[in-house]
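Protein chains in written order, with the working numbering: chain A, 1 to 343; chain B, 1 to 343.
No false leads were mixed into what you were given.
Below are the SDA-like pairs computed for lysine to any residue, each with C-alpha atoms no more than 20 Å apart in a straight line:
no., chain 1, residue 1, chain 2, residue 2
1, B, K31, A, E123
2, A, K199, A, Y67
3, A, K48, B, E47
4, B, K266, B, D204
5, A, K249, A, L325
6, B, K5, A, E115
These aren't lab readings, by the way, just hints derived from the structure by calculation.
Quick caveat: nothing in here was measured; it's all calculated off a predicted structure.
Protein chains: 2
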Amino acid sequence: MSEEKRTEIGELGEFGLIEKLSGGFELINDKTVKGVGDDAAVVDSGEKYTLISTDMLLEGVHFDLSYVPLQHLGYKAVTVNVSDIAAMNGIPGQVTINLGISNRFSVEALELLYEGVQIACKEYGVDLVGGDTASSGSGLVISVSILGEVAKEKVVYRDQAMENDIVCVTGDLGAAYVGLQVMEREKQEFLANPDMQPKLEKYDYIVGRQLRPKARMDIIHEFSELGILPTAMIDVSDGLASDIFHICKQSGLGVAIYEDKLPIDKQAYETAAEFSIDPNACALNGGEDYELLFTIGQDNFEKIKNHADIHTVGYMQTKEKGKTLVTRNNNVVELTAQGWKHF
Amino acid sequence: MSEEKRTEIGELGEFGLIEKLSGGFELINDKTVKGVGDDAAVVDSGEKYTLISTDMLLEGVHFDLSYVPLQHLGYKAVTVNVSDIAAMNGIPGQVTINLGISNRFSVEALELLYEGVQIACKEYGVDLVGGDTASSGSGLVISVSILGEVAKEKVVYRDQAMENDIVCVTGDLGAAYVGLQVMEREKQEFLANPDMQPKLEKYDYIVGRQLRPKARMDIIHEFSELGILPTAMIDVSDGLASDIFHICKQSGLGVAIYEDKLPIDKQAYETAAEFSIDPNACALNGGEDYELLFTIGQDNFEKIKNHADIHTVGYMQTKEKGKTLVTRNNNVVELTAQGWKHF
Numbered sequence: 001m002s003e004e005k006r007t008e009i010g011e012l013g014e015f016g017l018i019e020k021l022s023g024g025f026e027l028i029n030d031k032t033v034k035g036v037g038d039d040a041a042v043v044d045s046g047e048k049y050t051l052i053s054t055d056m057l058l059e060g061v062h063f064d065l066s067y068v069p070l071q072h073l074g075y076k077a078v079t080v081n082v083s084d085i086a087a088m089n090g091i092p093g094q095v096t097i098n099l100g101i102s103n104r105f106s107v108e109a110l111e112l113l114y115e116g117v118q119i120a121c122k123e124y125g126v127d128l129v130g131g132d133t134a135s136s137g138s139g140l141v142i143s144v145s146i147l148g149e150v151a152k153e154k155v156v157y158r159d160q161a162m163e164n165d166i167v168c169v170t171g172d173l174g175a176a177y178v179g180l181q182v183m184e185r186e187k188q189e190f191l192a193n194p195d196m197q198p199k200l201e202k203y204d205y206i207v208g209r210q211l212r213p214k215a216r217m218d219i220i221h222e223f224s225e226l227g228i229l230p231t232a233m234i235d236v237s238d239g240l241a242s243d244i245f246h247i248c249k250q251s252g253l254g255v256a257i258y259e260d261k262l263p264i265d266k267q268a269y270e271t272a273a274e275f276s277i278d279p280n281a282c283a284l285n286g287g288e289d290y291e292l293l294f295t296i297g298q299d300n301f302e303k304i305k306n307h308a309d310i311h312t313v314g315y316m317q318t319k320e321k322g323k324t325l326v327t328r329n330n331n332v333v334e335l336t337a338q339g340w341k342h343f
Numbered sequence: 001m002s003e004e005k006r007t008e009i010g011e012l013g014e015f016g017l018i019e020k021l022s023g024g025f026e027l028i029n030d031k032t033v034k035g036v037g038d039d040a041a042v043v044d045s046g047e048k049y050t051l052i053s054t055d056m057l058l059e060g061v062h063f064d065l066s067y068v069p070l071q072h073l074g075y076k077a078v079t080v081n082v083s084d085i086a087a088m089n090g091i092p093g094q095v096t097i098n099l100g101i102s103n104r105f106s107v108e109a110l111e112l113l114y115e116g117v118q119i120a121c122k123e124y125g126v127d128l129v130g131g132d133t134a135s136s137g138s139g140l141v142i143s144v145s146i147l148g149e150v151a152k153e154k155v156v157y158r159d160q161a162m163e164n165d166i167v168c169v170t171g172d173l174g175a176a177y178v179g180l181q182v183m184e185r186e187k188q189e190f191l192a193n194p195d196m197q198p199k200l201e202k203y204d205y206i207v208g209r210q211l212r213p214k215a216r217m218d219i220i221h222e223f224s225e226l227g228i229l230p231t232a233m234i235d236v237s238d239g240l241a242s243d244i245f246h247i248c249k250q251s252g253l254g255v256a257i258y259e260d261k262l263p264i265d266k267q268a269y270e271t272a273a274e275f276s277i278d279p280n281a282c283a284l285n286g287g288e289d290y291e292l293l294f295t296i297g298q299d300n301f302e303k304i305k306n307h308a309d310i311h312t313v314g315y316m317q318t319k320e321k322g323k324t325l326v327t328r329n330n331n332v333v334e335l336t337a338q339g340w341k342h343f
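So here's chain A without its partners, still in its complex pose (with noise of 0.2 Å):
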């Protein structure tokens, strides 16, 4: 490597630069089933495949304490890995928690932050079991790893969807982003009149679902009751139109997405409406729902088709149709993907 070679690591961005660091490893103990590339490694532990996924939110850059309770901040750590056990089809049933504190936080500021990843934990099951605490620098860093278990026959990848599978996704989309528009315009308006009220009531669940989002651990457990295995799932942390990507990418097809079928709830809709922003950009590229993103060969159809959560957002077709969004008027453009940029 010549001394003179700089590359800047924006000019990858987050994928790019994952996939060069561990591009050159292969793997070499027999126990691993599928390493770098999906919402959770995969360990065959005998009986049944282990899940392990981990996660770190940076202060600053992932959250902004001057409107992020420290309660919410340690649910939502918890809840965002559960999301990725969920995205396996798995069921999570332990995190450790590494964290980084600078002095200025007090042991009582910490105790609430734990408050949050207790809820979390009582909420999904999950023990905490290990982690590490250090001074920071600067910021806060907590760094989450989370263990789950699945049964090998009912592992769900995202490289198994089949051309014709139906695009399904849980809940409603974009109300995280739009809601954290609202916090940041009150953060704004505080600094600008800090004896301002924050008028946060009519924005609740937007508000809500940016703070405290739900991983949908109640879909597998229905899917384990209606007897349904998606054939590819992810979870929704960097926006539809990304996910449904990573899906397209390792299943080696394209998707057809229809913007009218997309979930977006009234709150949301209206509250974008409010920002002269497009909910449908919203719902496709904001990202932080953690609802889940699947794909069901069509005979699973009858089986979802009234269920009033999930809810058909296209089908997969062939990579050569390409990635397309059916607008509301009936044009079909090119779906773009437009997630979080952390660099």
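Use these hints to put chain B onto chain A, whose structure you have.
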């Protein structure tokens, strides 16, 4: 909780803080065998136990990039986690790595870091199976989690040491700490006179112990071959004194350590003298040696007494007899732990 109450993190220390924060958590998942409080957590995965451990390294706290090469840092980040699996008598399998990085790092710099990760992965038969990268406001943050496995009847905890068990330690102690002093001195001299060339040749062993510690998986394999099952075990990350205290506390015992039995490398000994620091104190409190500290029943003594790299340094005694150090002059003094403090 009153709003006025503010307890500083430093009042509790690292272990006190972890205990306080995780103290309110009860284990609720029936697969969790062991939660917080050992080198790794233990999960029942059916045929075997799955082990999980995690460690976070923060720039400016755990490492100083002005003298730690990135390749060595990547190697060490994996090694310290492997060492935690070794301390449970387990075999490591997979790691995940979360990176927080600022824009001052180029892609090429991160590739160096991952070269070190890869070398360690190959050496220990471990796969890199996941992780995140995100921009960090300031320094480099590396959070590693590791999975391992162990046969159910072979797991070794910290809490099963018995009175009269022999205390053993592998390799030598204190060298990593003395190596750190050498590098700190070189850094100061370099800052004072940038034209000076560092003279590290005569310190190669101790500097290597600091930069590139080994996890003692060789010993774990030997235990298996020799039919040795320690009664308690921990890896020496904070210093022998601090680490034996964990075994004492969790096993409800005291200990007697013999100063003249502490294994100290010649280069470490001489360099400590050069710095006018007590080599015994380095061995007891230096930390970062990543050797294994364990207790065995007296009936196992024959199996290890001629082992070149296992040293008997004392024995476990009742709690009432306390934690004692028998000095070279045969004085019996209280053993005190002054391990690393990160707050």
